[in-house]
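There are 2 protein chains.
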Amino acid sequence: MRNYTERALLTDLYEITMLQAYFLQRMDKTAVFELFVRHLPDQRNFLVCTGLAQVVDYLTGLYFDDDDLEWLRKSGKFDARFIESLRDFRFTGDMDAIPEGTVVFTDEPLLRIIAPLREAQFIESRVINLLHYQTVVASKAARSVIAAQGRTLVDFGLRRAHGAEAALLSARASYIAGFDSTATTLAAPLFDIPVSGTMAHSFVQVHDYETDAFSAFAHAFPDNATLLIDTYDTEAAAERVVRLAQWLREEEEIRIKAVRIDSGDLGAMALRVREILDGGGCPDIGIFVSGNLDEYAVQALVDQGAPIDGFGIGTRMNTSSDAPYLDCAYKLVQYAGRPRRKRSKGKAPWPGCKQVFRRIDANGIMEGDTVALQQELLPGTPLLRPVMRGGTVATPTPPLAEIRDYARAQIAALPERLRALTAALPYPVSVSDNLCELARQVDERQSEHAQEDRARWEQDAE
Amino acid sequence: MRNYTERALLTDLYEITMLQAYFLQRMDKTAVFELFVRHLPDQRNFLVCTGLAQVVDYLTGLYFDDDDLEWLRKSGKFDARFIESLRDFRFTGDMDAIPEGTVVFTDEPLLRIIAPLREAQFIESRVINLLHYQTVVASKAARSVIAAQGRTLVDFGLRRAHGAEAALLSARASYIAGFDSTATTLAAPLFDIPVSGTMAHSFVQVHDYETDAFSAFAHAFPDNATLLIDTYDTEAAAERVVRLAQWLREEEEIRIKAVRIDSGDLGAMALRVREILDGGGCPDIGIFVSGNLDEYAVQALVDQGAPIDGFGIGTRMNTSSDAPYLDCAYKLVQYAGRPRRKRSKGKAPWPGCKQVFRRIDANGIMEGDTVALQQELLPGTPLLRPVMRGGTVATPTPPLAEIRDYARAQIAALPERLRALTAALPYPVSVSDNLCELARQVDERQSEHAQEDRARWEQDAE
Numbered sequence: 000m001r002n003y004t005e006r007a008l009l010t011d012l013y014e015i016t017m018l019q020a021y022f023l024q025r026m027d028k029t030a031v032f033e034l035f036v037r038h039l040p041d042q043r044n045f046l047v048c049t050g051l052a053q054v055v056d057y058l059t060g061l062y063f064d065d066d067d068l069e070w071l072r073k074s075g076k077f078d079a080r081f082i083e084s085l086r087d088f089r090f091t092g093d094m095d096a097i098p099e100g101t102v103v104f105t106d107e108p109l110l111r112i113i114a115p116l117r118e119a120q121f122i123e124s125r126v127i128n129l130l131h132y133q134t135v136v137a138s139k140a141a142r143s144v145i146a147a148q149g150r151t152l153v154d155f156g157l158r159r160a161h162g163a164e165a166a167l168l169s170a171r172a173s174y175i176a177g178f179d180s181t182a183t184t185l186a187a188p189l190f191d192i193p194v195s196g197t198m199a200h201s202f203v204q205v206h207d208y209e210t211d212a213f214s215a216f217a218h219a220f221p222d223n224a225t226l227l228i229d230t231y232d233t234e235a236a237a238e239r240v241v242r243l244a245q246w247l248r249e250e251e252e253i254r255i256k257a258v259r260i261d262s263g264d265l266g267a268m269a270l271r272v273r274e275i276l277d278g279g280g281c282p283d284i285g286i287f288v289s290g291n292l293d294e295y296a297v298q299a300l301v302d303q304g305a306p307i308d309g310f311g312i313g314t315r316m317n318t319s320s321d322a323p324y325l326d327c328a329y330k331l332v333q334y335a336g337r338p339r340r341k342r343s344k345g346k347a348p349w350p351g352c353k354q355v356f357r358r359i360d361a362n363g364i365m366e367g368d369t370v371a372l373q374q375e376l377l378p379g380t381p382l383l384r385p386v387m388r389g390g391t392v393a394t395p396t397p398p399l400a401e402i403r404d405y406a407r408a409q410i411a412a413l414p415e416r417l418r419a420l421t422a423a424l425p426y427p428v429s430v431s432d433n434l435c436e437l438a439r440q441v442d443e444r445q446s447e448h449a450q451e452d453r454a455r456w457e458q459d460a461e
Numbered sequence: 000m001r002n003y004t005e006r007a008l009l010t011d012l013y014e015i016t017m018l019q020a021y022f023l024q025r026m027d028k029t030a031v032f033e034l035f036v037r038h039l040p041d042q043r044n045f046l047v048c049t050g051l052a053q054v055v056d057y058l059t060g061l062y063f064d065d066d067d068l069e070w071l072r073k074s075g076k077f078d079a080r081f082i083e084s085l086r087d088f089r090f091t092g093d094m095d096a097i098p099e100g101t102v103v104f105t106d107e108p109l110l111r112i113i114a115p116l117r118e119a120q121f122i123e124s125r126v127i128n129l130l131h132y133q134t135v136v137a138s139k140a141a142r143s144v145i146a147a148q149g150r151t152l153v154d155f156g157l158r159r160a161h162g163a164e165a166a167l168l169s170a171r172a173s174y175i176a177g178f179d180s181t182a183t184t185l186a187a188p189l190f191d192i193p194v195s196g197t198m199a200h201s202f203v204q205v206h207d208y209e210t211d212a213f214s215a216f217a218h219a220f221p222d223n224a225t226l227l228i229d230t231y232d233t234e235a236a237a238e239r240v241v242r243l244a245q246w247l248r249e250e251e252e253i254r255i256k257a258v259r260i261d262s263g264d265l266g267a268m269a270l271r272v273r274e275i276l277d278g279g280g281c282p283d284i285g286i287f288v289s290g291n292l293d294e295y296a297v298q299a300l301v302d303q304g305a306p307i308d309g310f311g312i313g314t315r316m317n318t319s320s321d322a323p324y325l326d327c328a329y330k331l332v333q334y335a336g337r338p339r340r341k342r343s344k345g346k347a348p349w350p351g352c353k354q355v356f357r358r359i360d361a362n363g364i365m366e367g368d369t370v371a372l373q374q375e376l377l378p379g380t381p382l383l384r385p386v387m388r389g390g391t392v393a394t395p396t397p398p399l400a401e402i403r404d405y406a407r408a409q410i411a412a413l414p415e416r417l418r419a420l421t422a423a424l425p426y427p428v429s430v431s432d433n434l435c436e437l438a439r440q441v442d443e444r445q446s447e448h449a450q451e452d453r454a455r456w457e458q459d460a461e
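Chains as they are written, first to last, in numbering that gives the first Met the number 0: chain S, 0 to 461; chain B, 0 to 461.
Heads up, a few of these hints could be off.
The list treats identical chains as one, so a pair stands whether inside a single copy or across any two.
What the hints assert, rightly or not - Derived lysine-lysine pairs resembling DSSO-like cross-links, with alpha carbons at most 30 Å apart:
{"no.": "1", "residue 1": "K256", "residue 2": "K73"}
{"no.": "2", "residue 1": "K76", "residue 2": "K256"}
{"no.": "3", "residue 1": "K256", "residue 2": "K28"}
{"no.": "4", "residue 1": "K28", "residue 2": "K76"}
If you are wondering where the hints come from, they were derived from the structure by calculation, not from laboratory data.
Chain S with its partners taken away, still in its complex shape (with noise of 0.2 Å):
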């Protein structure tokens, strides 16, 4: 069987409901989705769009197997020869997209399909399930990236995260926003990303004196050991840990690279083991922490100059704990040639295929977007760029370094206050006269037909 995340059916059953209702229909004709953000949190003043080498990956390969098949046909909810028309469904279409590691904001198309009806609906489900968690991870990650000013940072989130599939992409997507590496192992094979790792307070428990514990992982590691120190008493360790440093540099020339401590006042606390490792002639040997930590934590130590040189974040980051989704949506903009748009209350996005332009000023900072009509020409550069056409990839997914490098960029770009991690007067992105237009003209032609449907059903009824 295949792997459940690569399955059709991992998809809201209402994407088959439509699906029959269409092929019953024979309703077929281009249809053109996109994809934004509606709102950004009180906690965010940017996004780092992230997520789109997996969904090209589910668009070429995307098809229903005879699993799949089987189900809808004993699930008695479908139209035989609707499962049967399945057999062959694959994504034909054309993908625009923000390219990973770019800086966005609300409005803004983050990814557009232009495919046949069928297609451009199916997908929907999954297509919002992979770009969504991956940007709202990077979102949160590049926070503490800013906060640590260049200090080391390690995804520790693979026990907490929501399931396995997060804890992967979100080593990922916190390696783009500038992470150095994860403790997720699997995510090394998976996505070539650096893996680091230690020790539990369990190795240190399981054996009787703590010297003994850190003498044994040296051992093992002999150049790289990050010993933690906070299981008993964490100066305590720290001492332990200066007079075993001295002995093994003497002799057997094994060098302990660092101590974690994951527990107390993380500030005070690495103060005092700087002391004593200085004082015991350890200024060789790193500090890191770990415990609860997320942005805000990390600029607090900073602030406060705590002598430390790396932070293991995990949960609050990988579950992006104080806002833990993003209000996204994507929406059908036009069908069979013609711009439209819902009208919810509060929800009635921007119709019609769109493009976004940003300007940058002389010292390379963002000015501001503006969304605008594809064919329309405004100046600033073009955001969405083409990924694929036809259904094949059209523009590769760039390596993963590429992409870090880039989101780098991106983040040095944004206006300072945008930088901080308290709310910031938002970044400018308007909207162009000529989708403003477009709009207008869009809700009165539906209130056209809602008037015109009302009298078709009065004749009826004469």
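Given chain S, put chain B in place with the hints provided.
Just chain B, lined up with the frame of chain S:
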């Protein structure tokens, strides 16, 4: 290649580095680890333990395949003999656990592993990952179930769940907690959960006339169509539904089952739509609502008497947005026959093999729990039961419907105050005198060891 969710490398790197150190030291006596929750989030009065079935699947299927071993070799991080030893690595230990669907509280071991040190250690990351997330979701979902007072609840969360596994496991966890169905199709073949689905706004938008969209969908699903009525003007759409329903009933024996409202003031709009439907002779058409819902919104709508038959609840439930993680840990409590614990500040767990005894009053309501030593015999029912013995399943996972029934009975047995959505006086969980005494002894012995550790160095220094 195996499904990545099954790969042994889906673990924190430190589990592997510790294993290498144990391998080189030849340390592999029996270890006991227990998983527990340290604190309840402010927004939770109880937890619903879930995820054990997936832990069992993980432990019974765990091995390093050739791809895993190949990566370990290529990484350059590990000893060749150690890597070779992993070829035969399996989980051969015992597991006791609190059954899925049980209501649980802080300090209670949800799961205990007794196994050779390396096995008991290695599984930590993924065992937490599996048990933590489902427990987070079931505990959140149970609150909506209480608030809905018997109204239908459907999991709508795939799109903003944190990845594919989160979507599937939250379908399972919310079903156990009392949800009626999920929109995530793949949860049906994987877990045998009922699925349901209707239509998106795009379905209405691609039709020029809203009535045509409704009619097409009703024809595609002649006995159970739910029509989405808030794409443009909810009241006008409700009137269209009335006229269409009348026509379809009389002419074609097609029955419209329900309407769905996804935006605006859901309570006021449900009232207005109910009037329109009833006034138009359609009292049998139900009203279903969705859009940014959680237990607080459900309770408010129920309290105001809104005529709502069912709720679609997604993002906020399956990201558990108000408390997206639990402060839980998997800790060594015994090694080589000796109880142990760490003593990091504010994080000292109870040592030794433990059991939880729950007392129930004459009315079947939970009175209080006591965490005690495993061999104590205290009043009440012991919660931890045998699940695996010697690496094989001792107690098979019950059918999902049975777990769901059990969870319902558990929630019904909660003291009334704990079913409130606001913080209540905590449920009483006490610790037995014998366990307190054991903790004292463990700390005392550890202090002696610390002194001996220091004395050894001082002797060496002389």
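Quiz prompt | Index of numbered hints that the structure contradicts, given in increasing order | solution = Hint check: nothing fails, all pass.
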